[in-house]
Amino acid sequence: LLNGPSRARSRGSGLRRPEMEPYTHSDAHMLAAIALSGLADACHHESPASAEEVVVDTLADMPALSISRLPDESEHWPYTAGKGWFAKNARGAEVHFLERIFLMLSFGSLRLRKTPSRTLSETIRWLAPDAAARCGVPDGLWAFEIVHVDLFEREVYPQYASGSFNKTAGKWCLASPCGGAQQPHSAAGRKLSRTCMYLPARSVVDGVSHELDAARIFRPLPPVATVAQAYEYAS
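Counting in the numbering used here, the sequence shown runs from 3 upward without gaps.
Please keep in mind that the hints were generated in silico from the structure rather than gathered at the bench. Be careful, since some hints might not be right.
Below, in silico cross-link-like pairs of lysine to any residue (SDA-like), each with a Cα-Cα straight-line distance of 20 Å or less [stated by the list, open to error]:
id : residue 1 : residue 2
1  : LYS173    : ILE219
2  : LYS85     : ALA130
3  : LYS85     : ARG115
4  : LYS169    : SER195
5  : LYS85     : ARG71
Per label pair, the in silico range of CB-to-CB distance [claimed, not checked]:
id : residue 1 : residue 2 : range
6  : GLU213    : LYS173    : 26 to 36 Å
7  : VAL210    : GLU75     : 15 to 25 Å
8  : ARG221    : GLY165    : 19 to 29 Å
9  : ALA133    : ALA163    : 17 to 27 Å
10 : GLU213    : ASP63     : 21 to 31 Å
Idealized CB from N, CA, C, for every residue including glycine.
Modelling step: build the complete structure from the supplied sequences, incorporating the hints.
Shown next as C-alpha cells:
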C-alpha cells in the first residue's frame with residue numbers, strides 16, 4: 003500500500019495477512035483497570051510499565067472497528083488540522099493516499115473532531131459485496147463509497163471539493179465501474195463515482211499495463227482485527 007501503483011505488483015504478494023488471535027473485551031478492560039489501580043506495579047517488580055503504557059497497549063489489542071479513539075494520538079495523528087484524517091503519521095510525515103483511505107475505512111467508529119456525535123463510517127465506508135456487485139464491481143474485489151459528501155469534506159478530506167481527491171485517486175489506480183448495474187463486471191472507468199470506487203485487478207500506468215493483486219491489497223480486514231493488526235497491514 004505504501005509504494006504506489008508502479009510497484010503494486012512487486013509489493014502485493016509480499017503483504018501478509020495478520021494472524022487473528024482470540025480476544026475478549028473483558029480481558030482488555032480488566033488489564034486497563036489493573037493498570038490504573040496500581041496493581042500492575044505490584045505484579046511487575048522489574049521495569050514496570052506505566053499505567054498509560056499499559057492502557058495504550060490494551061487499546062492496541064482492541065478491535066479496530068470498535069474503538070472511538072486511537073491509543074497513540076498526537077498533534078498530527080490521526081487528525082491534522084487543515085488536512086483531515088490520516089494525512090500525516092505521528093511523526094508528521096505524509097501518509098500515502100491508498101493507505102490513508104484504507105485507514106479511514108478500517109477505523110469506522112472513530113469520533114469526528116468537529117462533530118463528535120458522528121463517526122468516520124458516516125462519511126466513508128466499505129460497500130457490502132452484493133451492493134458492489136450491483137454497481138458492476140468484478141467478483142472478489144472490494145469497493146467503498148463516500149456516504150455524506152458535505153461531512154466528508156468538512157471533517158475528513160478538506161480538499162475534496164477542489165477535485166484533489168479524484169485526481170489523486172486516479173493516480174493510485176482507483177476506478178469506478180463504467181456500466182453499473184446495466185453492465186455488470188464492465189471495465190473500470192477513469193471517471194470516479196463517489197458511490198462506488200475500487201482498486202481494479204489491472205491498471206494502466208504511464209501507458210504500461212500492470213497486474214495488481216487488488217483482492218489482497220485493498221480489502222477490509224476481519225471484524226476481529228485489532229488496532230495493532232490494522233497498523234501492521236497498512237504498513
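Evaluated hints:
1. Under the criterion of a C-alpha separation no larger than 20 Å, the hint pairing LYS173 with ILE219 is consistent with the structure, at around 16 Å.
2. This hinted pair does not check out: LYS85 and ALA130 have alpha carbons roughly 28 Å apart, beyond 20 Å.
3. Distance check on the hinted pair: LYS85 and ARG115 sit about 13 Å apart at the alpha-carbon level, within 20 Å; holds.
4. A hinted pair counts as satisfied when its Cα atoms are at most 20 Å apart, and LYS169 with SER195 qualifies at roughly 12 Å.
5. The suggested pairing of LYS85 with ARG71 holds, with an alpha-carbon distance near 18 Å, which does not exceed 20 Å.
6. Between GLU213 and LYS173 the beta carbon distance is about 18 Å. The supplied range of 26 to 36 Å is therefore violated.
7. Against the hinted window of 15 to 25 Å, the Cβ-Cβ separation of VAL210 and GLU75 comes to about 40 Å, which falls outside the hint.
8. Separated by about 27 Å at the C-beta atoms, ARG221 and GLY165 satisfy the suggested range of 19 to 29 Å.
9. Between ALA133 and ALA163 the C-beta distance comes to about 25 Å, which sits within the given range of 17 to 27 Å.
10. Between GLU213 and ASP63 the Cβ separation comes to about 36 Å, which falls outside the hinted range of 21 to 31 Å.
Hints 2, 6, 7, 10, counting from the list given before, are not met by this structure.
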